[in-house]
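Place chain B on chain A using the hints.
Protein chains: 2
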Amino acid sequence: MIQLYQFALSPFCRKVRLVLAEKKLDVQLVDEKYWEDNQDFKRRNPAGKVPVLRMDGLTLCESQAICEYIEETHPEPALIPNNPAARAEVRRIVSWFDDKFHHEVTSKLVYERVNKKLTRSGYPDGRNVKEGSKAIKFHLDYMGWLLDQRRWLAGSELTMADFAAAAHLSCLDYISDVDWDRNRQVREWYAKIKSRPAFRSILADQVSGFPPPRHYADLDF
Amino acid sequence: MIQLYQFALSPFCRKVRLVLAEKKLDVQLVDEKYWEDNQDFKRRNPAGKVPVLRMDGLTLCESQAICEYIEETHPEPALIPNNPAARAEVRRIVSWFDDKFHHEVTSKLVYERVNKKLTRSGYPDGRNVKEGSKAIKFHLDYMGWLLDQRRWLAGSELTMADFAAAAHLSCLDYISDVDWDRNRQVREWYAKIKSRPAFRSILADQVSGFPPPRHYADLDF
Chain A
513 MIQLYQFALS PFCRKVRLVL AEKKLDVQLV DEKYWEDNQD FKRRNPAGKV PVLRMDGLTL
573 CESQAICEYI EETHPEPALI PNNPAARAEV RRIVSWFDDK FHHEVTSKLV YERVNKKLTR
633 SGYPDGRNVK EGSKAIKFHL DYMGWLLDQR RWLAGSELTM ADFAAAAHLS CLDYISDVDW
693 DRNRQVREWY AKIKSRPAFR SILADQVSGF PPPRHYADLD F
Chain B
513 MIQLYQFALS PFCRKVRLVL AEKKLDVQLV DEKYWEDNQD FKRRNPAGKV PVLRMDGLTL
573 CESQAICEYI EETHPEPALI PNNPAARAEV RRIVSWFDDK FHHEVTSKLV YERVNKKLTR
633 SGYPDGRNVK EGSKAIKFHL DYMGWLLDQR RWLAGSELTM ADFAAAAHLS CLDYISDVDW
693 DRNRQVREWY AKIKSRPAFR SILADQVSGF PPPRHYADLD F
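Going down the list, the protein sequences come from chains A and B. The first sequence lines up with residues 513 to 733 when you count with our numbering. The second sequence lines up with residues 513 to 733 when you count with our numbering.
Since the hints were derived computationally from the structure, they do not count as laboratory data. It is possible that some hints are incorrect.
The list makes no distinction among identical chains, and a pair is therefore deemed to hold if it is satisfied within one copy or across any two copies.
[Stated by the list, open to error] 20 angstroms max Cα-Cα, derived DMTMM-like pairs, lysine to aspartate or glutamate:
1. Lys554 with Asp653
2. Lys612 with Asp732
3. Lys628 with Asp549
4. Lys554 with Glu616
5. Lys704 with Asp538
This is chain A alone, in the form it adopts within the complex (with noise of 0.2 angstroms):
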């Protein structure tokens, strides 16, 4: 059995969970309060973050890794296309979403209303999740300028950048930080890809303290 240490609330486990379930790999979850110090959580991963997959008797640590791993060891369907020049491009958005977008936005809004909280580590930083708040909007017209010409964000297929995206604004969208009327094609992207069946277990997730909101998990929102 695949297992996977995570927290619901983290976008690069979410970005692992969607890459299992497109595939059709079954995951038993384990939930990791990675920010405590814990010896046997350490000796998995010695960066002390989550996601840690075992899986094939291995243990991968770092969460685009381990999507490469699944993608190579389990290729259908495919996540990341053939054309070296197409992959570039997923591995492009993939990049601006767990680097700049989780710079500027996730860790600004989440880690601030959320993880502080239940990390016990003092209260949200008013100014952080003001710069967040106005920085989601940018990456929203961003991704609409590229859903313009585009039916998935890097190209004509749904890959694991599309994967990437949803797994932070899903995080977002659950402490209700995005504002869907702002860009419709982007709303349009999210309802599709929220309706597939690989999403249905984030749509599940509850984070003790954060009950989620009544849209979070409603295909039609």
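Showing chain B alone in chain A's frame:
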């Protein structure tokens, strides 16, 4: 001709340069003041970051997407092995340096001491410098632990993981922030990688206003 829009002390640009050089691909370096509001550059990469690579008629962004593209289109010599588990380990260590090491060390030392001055965005924050100087010790120890068991960072062969690590450490060495006496294995590893022809252009780098220390380019440091 391949063109790399870059900043000499960016570890991400250095990783790309090392991968290109190891594969004997000539590149024209274009210094890019990415912090200035340059619309031409923003069109090439809306993320506003270096590296940006022009190659095969494509404009490629995000260092790991670029390196994977080079590896896929120029597979020899291989910098990512064939076996999926070994590939995952290479990518784990690349992410370790490009994410964790960058966040805990490079951004706290190189960015505070160099980038802030170059971009006229204030003085080094002493708390960050102190945190970075402390964190690098843990990372050097972790590298030493890996090199206790392996010839190179991700296994018995030189891989992209070594270049990712060397890209960060060489930036820190440029500002004399690496204690090479801390771990003998790490010093020997760096001596080996530093003496490769692929490293020559990195050792010749000069950043205006920040002359490198004498030991920086010395193969017998």
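Taking the hints in turn, this is what the structure says about them:
no.: 1; hint: Lys554 with Asp653; result: between (39 angstroms within a copy, 15 angstroms between copies)
no.: 2; hint: Lys612 with Asp732; result: neither (29 angstroms within a copy, 39 angstroms between copies)
no.: 3; hint: Lys628 with Asp549; result: within (16 angstroms within a copy, 34 angstroms between copies)
no.: 4; hint: Lys554 with Glu616; result: between (27 angstroms within a copy, 17 angstroms between copies)
no.: 5; hint: Lys704 with Asp538; result: neither (22 angstroms within a copy, 44 angstroms between copies)
Going through the hint list in order, the structure does not satisfy hints 2 and 5.
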